[in-house]
Amino acid sequence: MNEGPEITIVAGRSEAHYWRDLWRYRELLGFLAWRDVKVRYKQAVLGAGWAVIQPLVQTMLLTFVFGKLAKMPNGTIPYPLLVLAGLLPWQLFASAFSGAGGSLVSNSNLISKVYFPRLIVPLSSLAVAVVDMMIPLALTLPFAAVYGVFPTWRLLVLPVFILGALVIAFGAGLWITALTVQYRDFRFIAPFILQIGIFITPVGFRTDNLPRWQTILSLNPLTGMIQGFRWCILGGGMELSEQSLLMSCGAGLLLVITGLWYFRGTERRFADII
Amino acid sequence: MESPAISVESLSKRYMLGHVRHDTLRDQLAHRTRGLLKALGGRGGSLATEEFWALRDVNFSVAPGEVLGVIGRNGAGKSTLLKILSRITEPTHGTIRIRGRVSSLLEVGTGFHPELTGRDNIFLNGAILGMPRDEIRRKFDAIVAFAEVEQFIDTPVKRYSSGMYIRLAFAVAAHMEPEILIVDEVLAVGDAAFQQKCLGKMSEASRSGRTILFVSHNINAVRSLTTRCLYLKRGHLEFAGPTAEAIDLYTRNLRSDRTASSGQHATIVRAALVDAAGMETPTFPGGDHAFVRMMVETDGNPLASVEATLTDLSGTALGLYSPGHFSGWRLPAKPGLYEVTLKIRMPHLATGNYGFDLCTTLHGSGPDHYLADGLVFASESRVNHPAPWELRKEYNAGHFVLDEGVPSVTPIPGPAGDHTP
Numbered sequence: 001m002n003e004g005p006e007i008t009i010v011a012g013r014s015e016a017h018y019w020r021d022l023w024r025y026r027e028l029l030g031f032l033a034w035r036d037v038k039v040r041y042k043q044a045v046l047g048a049g050w051a052v053i054q055p056l057v058q059t060m061l062l063t064f065v066f067g068k069l070a071k072m073p074n075g076t077i078p079y080p081l082l083v084l085a086g087l088l089p090w091q092l093f094a095s096a097f098s099g100a101g102g103s104l105v106s107n108s109n110l111i112s113k114v115y116f117p118r119l120i121v122p123l124s125s126l127a128v129a130v131v132d133m134m135i136p137l138a139l140t141l142p143f144a145a146v147y148g149v150f151p152t153w154r155l156l157v158l159p160v161f162i163l164g165a166l167v168i169a170f171g172a173g174l175w176i177t178a179l180t181v182q183y184r185d186f187r188f189i190a191p192f193i194l195q196i197g198i199f200i201t202p203v204g205f206r207t208d209n210l211p212r213w214q215t216i217l218s219l220n221p222l223t224g225m226i227q228g229f230r231w232c233i234l235g236g237g238m239e240l241s242e243q244s245l246l247m248s249c250g251a252g253l254l255l256v257i258t259g260l261w262y263f264r265g266t267e268r269r270f271a272d273i274i
Numbered sequence: 001m002e003s004p005a006i007s008v009e010s011l012s013k014r015y016m017l018g019h020v021r022h023d024t025l026r027d028q029l030a031h032r033t034r035g036l037l038k039a040l041g042g043r044g045g046s047l048a049t050e051e052f053w054a055l056r057d058v059n060f061s062v063a064p065g066e067v068l069g070v071i072g073r074n075g076a077g078k079s080t081l082l083k084i085l086s087r088i089t090e091p092t093h094g095t096i097r098i099r100g101r102v103s104s105l106l107e108v109g110t111g112f113h114p115e116l117t118g119r120d121n122i123f124l125n126g127a128i129l130g131m132p133r134d135e136i137r138r139k140f141d142a143i144v145a146f147a148e149v150e151q152f153i154d155t156p157v158k159r160y161s162s163g164m165y166i167r168l169a170f171a172v173a174a175h176m177e178p179e180i181l182i183v184d185e186v187l188a189v190g191d192a193a194f195q196q197k198c199l200g201k202m203s204e205a206s207r208s209g210r211t212i213l214f215v216s217h218n219i220n221a222v223r224s225l226t227t228r229c230l231y232l233k234r235g236h237l238e239f240a241g242p243t244a245e246a247i248d249l250y251t252r253n254l255r256s257d258r259t260a261s262s263g264q265h266a267t268i269v270r271a272a273l274v275d276a277a278g279m280e281t282p283t284f285p286g287g288d289h290a291f292v293r294m295m296v297e298t299d300g301n302p303l304a305s306v307e308a309t310l311t312d313l314s315g316t317a318l319g320l321y322s323p324g325h326f327s328g329w330r331l332p333a334k335p336g337l338y339e340v341t342l343k344i345r346m347p348h349l350a351t352g353n354y355g356f357d358l359c360t361t362l363h364g365s366g367p368d369h370y371l372a373d374g375l376v377f378a379s380e381s382r383v384n385h386p387a388p389w390e391l392r393k394e395y396n397a398g399h400f401v402l403d404e405g406v407p408s409v410t411p412i413p414g415p416a417g418d419h420t421p
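Those protein sequences? They're chains A and B, same order as listed.
So the first sequence is numbered by the working numbering: it starts at 1 and just counts up by one.
So the second sequence is numbered by the working numbering: it starts at 1 and just counts up by one.
If you are wondering where the hints come from, they were derived from the structure by calculation, not from laboratory data.
Treat each hint with caution, since some may be false.
Said to hold, decoys possible - List of simulated lysine-lysine pairs, DSS-like, C-alpha gap at most 30 Å:
1) A:K113 to B:K233
2) A:K42 to A:K113
3) A:K113 to B:K139
4) B:K233 to A:K42
5) B:K201 to A:K113
6) B:K334 to A:K38
7) B:K158 to A:K113
8) B:K158 to B:K201
9) A:K42 to B:K139
10) A:K38 to A:K113
Since this is a predicted model, take the numbers as computed values, not measurements.
Chain A with its partners taken away, still in its complex shape (with noise of 0.2 Å):
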């Protein structure tokens, strides 16, 4: 057996642990997402299937609601392909935010039993919000092949901005998480903040043929990686704006930076607390 490291505990000074710690609990992180991943599925009756009706229907109910009540233009592609491909990020935003948003108190028994960098609870839970896109996302393509859209050289980028979603849902999750420690309230303000963000964000309608409206609608960190993701998926006829873009990067980095900030602050005192 190896020598055990030599731990030094100083009062409000555990900042130089805290890196290498993380470093060194990543096979904790992996079996924490793992976890979560293998109970999701394994609990739900239908299992995958959710994850396939649940876009569904939300594409017909926003179809409707924008593309033929509100007669939103859509430009040269099919309505319903236009709503798909802007909840892919939507839903991997919301169930990444959720679930990092309620991670620490889910996991509440760990935190109270055992040391180990807290930042892991939220990190963790977004690999659910990961592999719940992955079925969709599989779905979208022969979905898009039928209205004879077809993948291009563009879809490599995609990655990019699953990621970018995932950076800002972090951000904000490591907020709300904090919170939720310290006031229950948050609980309920996370799930409403849900509820209003499908309709201020560009889901069942697309911003480049508002010009009005484009700059308030990029000012929505989310915006811009809406934008790459139907760029990626649906080909030509999309246009990136250069705006959003730096809107989410900017924005992105700054909820996670504050976010870190904020969540290393109260950490200390959640065994205290929770």
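Fit chain B to the supplied structure of chain A, relying on the hints for placement.
Just chain B now, with coordinates in the frame of chain A:
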């Protein structure tokens, strides 16, 4: 000299209590607003905060391979100390140096997920306890064998019996091989067999040269397993040194540590354990009478009575003496100070330390003045035996001897082995 496995310098831990915790945003907003109004009103506006020092300026060190006991009453800071050492919570002041991997038997089963199979949970739990994946894989078969769950290893643990569940959880923890082991018997689940297993694991670990911190209310276990002890009292390190001295100090303190409060109608002013001759005594042999002499001040309430509860040192109630309930007895209905002596026939208690919790009660409305941990005594059972029976320590066979009689035997007529009428 070898450098210590654990060294703790001026360790303090403060908790904020009561009014400062605002769990909902509304509370917090209301609190802030009140503070603001107060400040505007010029009344200083210092917000009421109640501090509680769970640990205050604690210093000690543990040599590698040492088995150190930690004793103290509930709330003395034992659990807080362990939590800080296992890095669950941070100290408010002070420095701690720890050499080696720390694991504690209070983590048994942490992170077990009911939906996952035994196999999955071993890996998950191992990772949570800080075991690298290779190490878990290497020890996997040993863990499964130790837990005796081979057949069910691919069954979700929600279908396990509670015994299997505990065994599996314990098996993982027992294969941790940390350099420093923390055993918190106080928090361990009440299952006696399980506690026994903890103790077994502990002496095994100490034989292989590990450093152990042992927290227990079981004075006998502390006495037999440790040579040095920390005695914590209200967050302070009251004593650190030889186990015998620490235990002596602890039990003496328990005896004199009376609750200062009083009852609304009847108050126990003083209480002592005495023998038949009226002399104070720290021991009662089994099967004899125990006498509790107390001074009680009553306001003359006609429903007032007294009760005594026999407890072991962890505070578990073992028996009740209630003259009010059993015999309709009451304190005199005339206000005044009385000396009341309880005469209690003791069972043959398993050798060890016990206590009486005393209280005055009002019939039908429960305790009036409650004195816990006040009276501690030792007892021995020597039923037809020169040496005391070590009922609990050696046989794990309960708290008292049931009956000293012998069975009666009557022959059944008829040829041996032939039971036909």
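Here is how each hint holds up against the structure:
1. Annotation: proposed proximity of A:K113 to B:K233 holds, straight-line Cα distance about 24 Å (limit 30 Å).
2. Distance restraint check for A:K42 and A:K113: the Cα-Cα separation of roughly 26 Å lies within the 30 Å cut-off, and the hinted pair is therefore satisfied.
3. A C-alpha spacing of about 23 Å is found between A:K113 and B:K139, which places the hinted pair at or below 30 Å, so the restraint holds.
4. For the hint pairing B:K233 with A:K42, the CA-to-CA distance comes to about 49 Å; that exceeds 30 Å, so the pair is violated.
5. The hinted pair formed by B:K201 and A:K113 meets the criterion: a straight-line CA distance of about 20 Å does not exceed 30 Å.
6. Distance check on the hinted pair: B:K334 and A:K38 sit about 72 Å apart at the alpha-carbon level, beyond 30 Å; violated.
7. Straight-line distance between C-alpha atoms of B:K158 and A:K113 comes to about 21 Å, which keeps the hinted pair within the 30 Å bound.
8. With a CA separation close to 26 Å, the supplied pair B:K158 and B:K201 stays within the 30 Å bound.
9. For the hint pairing A:K42 with B:K139, the CA-to-CA distance comes to about 27 Å; that is within 30 Å, so the pair holds.
10. Distance restraint check for A:K38 and A:K113: the Cα-Cα separation of roughly 23 Å lies within the 30 Å cut-off, and the hinted pair is therefore satisfied.
This entry does not satisfy hints 4, 6, going by the numbered hints stated previously.
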